[in-house]
Amino acid sequence: MGKNPAWTWYIVWYFFVGGIAAGAYMLAAIADLFGRDDDRPIAKFGYAIAFPLALLSAILLTLDLGMPIRTLNMFRLFKLSSPMSVGSWALLGFGLASFLSLSLLLRDRPGALRIRRLVAVPGGLLGFFIASYTGVLLGATNRPLWAGNNWIGPLFLVSACSTGVAGLALLLARETFPRLRRFHLIAIGAEGLLLIVFLASLGSQAALFLSGSLAAFFWGGVVVAGLLLPVALSIAGRTRPLEAIAAILVLVGGFALRYLVISGGQT
Amino acid sequence: MARAILVDTSKCIGCRGCQVACKQWHSLKAEPTTFWGTYENPRDLSAKTWRKVKFVETVAQDGATRWRFLSDACKHCTDASCLAVCPTGALLRRPWGAVDLNQDVCNGCRYCVAACPFGVVTFNEETGRADKCILCPDRVEAGLDPACVSTCPTGALTFGERDDLLARAKRRLAELQRRGERPQLYGERELSGLHALYVLQEAPEAYGLPARPRFATASVLPGSLLSIAASAVMGVAALVAFRERRARKGE
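Each protein sequence line maps, in turn, to chains A and B.
Each residue of the first sequence is one higher than the one before, counting from 1 in our numbering.
Each residue of the second sequence is one higher than the one before, counting from 1001 in our numbering.
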């Protein structure tokens, strides 16, 4: 086993914030590429979420380094074998794409949509990468819980989708959000499914979550707040306050999931 | 040609000369230690202790207690997890096999710490960078043995061409077997071959060595493929959610 890398709050927040940015951008890109004029708010708020959060991600990652002044050493080389190396380049590209998308949206001139669509394709693909590589990175270690696990990436990806929509839900006007409702429920459902697969892949180590020291976070944060309550609320009604509460709960669940997986490998 | 260090535990007397020589040569600071039920100190390899002697007490089937020693440090793996995951290039391979660590490049991301299958690489809180045994490239490339090997008074540590050491280790293994021992060779094939070979008198686990060390990045490809599959599913789901609505509006 490797020693404890002491990846703590900066990394938990980065995984959370980076996931929201990636999820929101993916939806914004799809709205730009395949949506209609009245989908524009989705693109607008998606890009408006993605760029500042991408920036915050870079700051969090820099602060976590033992030598923050050497953060640019991440770009000395491109190394396919290192998820952190590829991830650094991807975050750079994603930050650039989200900046361009937001700028093009703010300077709304004829022809801007065409360029925005051009940026949305690589930007959206980078979004998918940002949403999931963190899980692959944890798998490529020799720490308990993480070592060799192939399901953390997919789990983080669907969580990025659900928290990305939740971020949008808090900003979008009442009449626009219903367009995302179906996808939101799909994302939450997929998250529940992948959570079960992930727990099964852990074998006896899953006890740490189910009944061990992290059980309160798991049942209260991930399962009840992140999955069950949002679904219950969406069944209960479609009023604006209920939707807002559901969105906040999904964000709480997404944060709890990152905290659990990260601290689970370091206890 | 690849070089290596051979650790013959059957010749080790636990003097800890190697541990001290390493500290001396690399100017590593002392660590406060406490008694924890054994003469072994400090407890773990660390940023200040790149090589240490493990003291292992075992009780054989005949009831006799054996005291085993293992001079432990970085194994300089061929499939080196730390090297594979290092995003900056601070960890690098010497042409003769050692996994070197360039302190001028490391930025303290700690990925190598989590990736090492042996718990060798340590984060140095004082410098904000990783630390580990680098097999004395300054000495080796000037024609000397690593400091630990130069100091070893019993021949438990030897340095040289890996192939020669492998042959020597196998001869020693046969010798010990003739004495009625059940020695094991560690490092010949593990992680495609370590640049530290061990003649062990017990099973690897008795010394705290994993029987099957895992190359950390072996999961990158399957993990990535699953993530791509999940991305495709969620992407299609998002598309369908938009399309359906368009179709409905068009009706």
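Hints are computed from structural coordinates only; laboratory data are not their basis.
C-beta: ideal position from N, C-alpha, C; glycine also.
Some hints here could point you the wrong way.
[As the list claims (entries may be wrong)] Covered by chain B, per the in silico footprint, the following chain A stretches (three or more residues, Cβ under 8 Å):
no., region
1, 3 to 13
2, 21 to 34
3, 46 to 58
4, 108 to 118
5, 136 to 143
6, 146 to 157
Hints, verified against the model:
1. 3 to 13: Satisfied; 5 residues make the cut.
2. 21 to 34: Result for this restraint: holds, n = 5.
3. 46 to 58: violated (count 0)
4. 108 to 118: With 0 residues close enough to chain B, the hint is violated.
5. 136 to 143: holds (count 7)
6. 146 to 157: holds (count 10)
Of the hints listed earlier, those the structure fails to meet are numbers 3 and 4, in rising order.
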